[in-house]
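A.B. asks: Spelled out, the chains give:
Protein chains: 2
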Amino acid sequence: MNFAEISCAEFISRLGSKAPVPGGGGASALVGAVGTALGNMVGALTVGKKKYAEVEGDMIRLREAAEKLQGEFLTLVQRDAEVFEPLSRAYGLPKETEAQREEKDRVMEAALKEACSVPLEIMSKCGEAIRLHEEFAAKGSRLAVSDAGVGAAFCKAALLGASLNVYINTGAMKDRALAGEYNRKADALLAEYGPCSDRIFESVKNYLKKE
Amino acid sequence: MNFAEISCAEFISRLGSKAPVPGGGGASALVGAVGTALGNMVGALTVGKKKYAEVEGDMIRLREAAEKLQGEFLTLVQRDAEVFEPLSRAYGLPKETEAQREEKDRVMEAALKEACSVPLEIMSKCGEAIRLHEEFAAKGSRLAVSDAGVGAAFCKAALLGASLNVYINTGAMKDRALAGEYNRKADALLAEYGPCSDRIFESVKNYLKKE
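Here the protein sequences line up with chains A and B, keeping their order.
For any residue, its number in this note's numbering is found by taking its place in the first sequence, counting from 1, and adding 1421.
For any residue, its number in this note's numbering is found by taking its place in the second sequence, counting from 1, and adding 1421.
Possibly wrong hints are sitting among the right ones.
One copy or two, either will do: identical chains are not told apart, so a pair holds if it fits within one copy or between any two.
In silico SDA-like links for lysine to any residue, alpha-carbon gap of 20 Å or less [claimed, not checked]:
# : residue 1 : residue 2
1 : Lys1595   : Arg1605
2 : Lys1516   : Ala1531
3 : Lys1630   : Ser1438
4 : Lys1626   : Pro1616
5 : Lys1489   : Ser1438
6 : Lys1525   : Leu1564
It is worth saying that the hints were derived from the structure and are not from the lab.
Given only the sequences and the hints, what does the whole structure look like? Please build it.
C.D. replies: Below, the structure is given as structure tokens:
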């Protein structure tokens, strides 16, 4: 099943069920796509407007980047489901004998590594999306700036959501050196892009809110 | 068009275009639905488990509430589109003569009030959803707790997103007393539920993250 192609209502209904996928990682990729699309909309409402002729080139470049990211996020919705299934099977392997325990450990470790790679990639794409929002918010049409603020908030939420899916998997890994490396990558992405998104949101809020 | 029934990919593609709807308000309702579904999933993975027999009644109650909220958020995706269309038409009304200006002001003011009511309702539903996540995170299966943390982060992002859609509309209202009243409602919802969501997220993160 391609989760990007089912209806929004069906995605949400499956997400709220005990079906193993989609899960929190795939949902984070979806929210990243929604956030990125909001930035893209700001671009769409800016290009071709005389008042914004000076930033036309920027907007075209930003829209291309946003379009690409939207597609990548949707692919990551699917990829997250693909790496979760082997992990879910691995959790169910028998551990009666020593040989079974060793085999389970080996399979689990490989599945956990895969299951970390996707949320880490989602986080990295969220960082790219937040950088785009910074420019959409600063240069895009004032009439659409609220959407850049909303988009930045969503990309941050997707970043946070994906981080928990890194931590849950690194927490179960035997290779603590590699687990620590993944955790530090996630920590660094949170530390860089979380506050960046907050600044975009606050600047948009201050611009819009009138007493 | 029913925006809850189109595919996720199509929703995102329309959102990223210059089509007037869906916009930031509808996208916030969608993210609220995604967040709520993640809490609901925690409930689904907890009910029927011997280890969690003590909270079975709570989980059933929480899941019913989450199920209801998911449906309400999806209805709000659509309602936001419905109230935006008259506002978008009102912005385009002529203002050549004094009579036209008066008519435009009157139509705009009514459309702006409507366009504030939906994001305020989205914010209020986000608050309810965050309260559910508080319980899902505290009482639900430890194996699924990451999803409660992700869900709380998404519901906060939806709360923030909807708030900008209140502020942009109150900013354009002539009736400053009413605009102030709406702003204060939005401020109060942000002040109450934003930090509440942050606490849920941090507690889940601290539980999951191992050095």
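A.B. asks: Should Lys1516 paired with Ala1531 be assigned to within, between, both, or neither, using CA atoms and 20 Å as the limit?
C.D. replies: within (17 Å within a copy, 66 Å between copies)
A.B. asks: Give the relationship of Lys1626 and Pro1616 under a CA distance limit of 20 Å: within one copy only, between copies only, both, or neither.
C.D. replies: both (15 Å within a copy, 18 Å between copies)
A.B. asks: Give the relationship of Lys1595 and Arg1605 under a CA distance limit of 20 Å: within one copy only, between copies only, both, or neither.
C.D. replies: For Lys1595 and Arg1605, the Cα distance is within 20 Å only inside one copy (16 Å; across copies 51 Å).
A.B. asks: Which holds for Lys1630 with Ser1438 at a C-alpha limit of 20 Å: within a copy, between copies, both or neither?
C.D. replies: Neither way: Lys1630 and Ser1438 sit 39 Å apart in one copy and 25 Å across, limit 20 Å.
A.B. asks: For Lys1489 and Ser1438, with the copy left unspecified, which applies at a CA distance of at most 20 Å: within, between, both, or neither?
C.D. replies: between (31 Å within a copy, 14 Å between copies)
A.B. asks: Can you tell me if Lys1525 and Leu1564 fall within 20 Å by alpha carbon in one copy, between copies, both or neither?
C.D. replies: between (56 Å within a copy, 18 Å between copies)
When held up to the earlier numbered hints, the structure conflicts with hint 3 and nothing else.
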